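J.: Read off the chains here:
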Amino acid sequence: MADMVFWCIAALTVISAAFVVLNNQLLYAAIGLLFTLFGVAGLYVFLWADFIAGVQLLVYIGGILVLIIFGIMLTNQISSVRLSQTNVQQGVGAVVVTWLFIFLSMVISKTPWLIRPALEPESTTAGVGTLLLTRYLLPFEVISVLLLGALIGAAVLSREGN
Amino acid sequence: MDQLTNYLFIAAVLFSLGVFGVITRRNGIAVLMGVELILNAANLNFVAFSRFGGMNLDGHIFGLIVIVLAAAEAAVALAIIINIYNNLNTINVDDASSMKQ
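Going down the list, the protein sequences come from chains A and B.
Residue numbering for the first sequence is 1 to 162, as defined by this note's numbering.
Residue numbering for the second sequence is 163 to 263, as defined by this note's numbering.
Rather than coming from a laboratory, the hints here were simulated on the basis of the structure.
The structure displayed is predicted, hence computed values, not measured ones.
Treat the hints with care, since some could be wrong.
[To be verified] Computed from the model, here is a short list of chain A residues facing chain B with C-beta under 7 Å:
no.	residue
1	Val55
2	Gln90
3	Gly127
4	Val128
5	Tyr136
Every residue gets a Cβ at the ideal spot worked out from N, C-alpha and C, and that includes glycine.
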């Protein structure tokens, strides 16, 4: 049963990711991205990463996706709806990406991965919080300053009359 | 579902599709969506290695930092794209390739 759910979520993720890069209508592509992000959040749950799954839902779907849809609506030209959304490199790009995928698959299947057995933790939130405030305190602070900078930068950049 | 390579393959597919979107899309926002796919693939790898490396939580921290960086990147990129749209009236990345107008 769990296996079937896993493969359904994997298929949802991959198919909607293909939808994101192949669909000609940007808004539909953004909806495809919604399902991809949901699928990845589901995979995080299968990987016992409950906190990351929640953050994925909150930040990606609640924040980034809404930003992207805003961007699409603010820059949408009605006259350009029928314009092709892809450039002339589609053939070359497909070949390059196929080779890239074959290369990655060979690396993945040939490498003898070291796997350590583990027990499923009750919750990862406490562990992640402890690590953030002890071992990873400096990256945590740096990332907060970076977020502040990005926030101010985005506000300054998109101000009227800049 | 308890195989590391399954997750790595899914991440590889996501990464390849993201690269395909980045190199073939003309619209700046669609390029940004490709970048989001790539970041998600990397994040999936981090969390998968964390789980199969003995439930080591360091991978989760990396994943969190990647998610925060993606949010900052999306905010700044969309501000730039809206600026380009106001100045050039297009967000086609081929038309906006010069450094000044």
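J.: Are the hints correct? Go through all of them and say.
T.: Taking the hints in turn, this is what the structure says about them:
no. : hint   : in the structure
1   : Val55  : holds, 6 Å
2   : Gln90  : holds, 5 Å
3   : Gly127 : holds, 5 Å
4   : Val128 : holds, 5 Å
5   : Tyr136 : holds, 5 Å
Comparing the model with each earlier hint shows no violations; every hint is respected.
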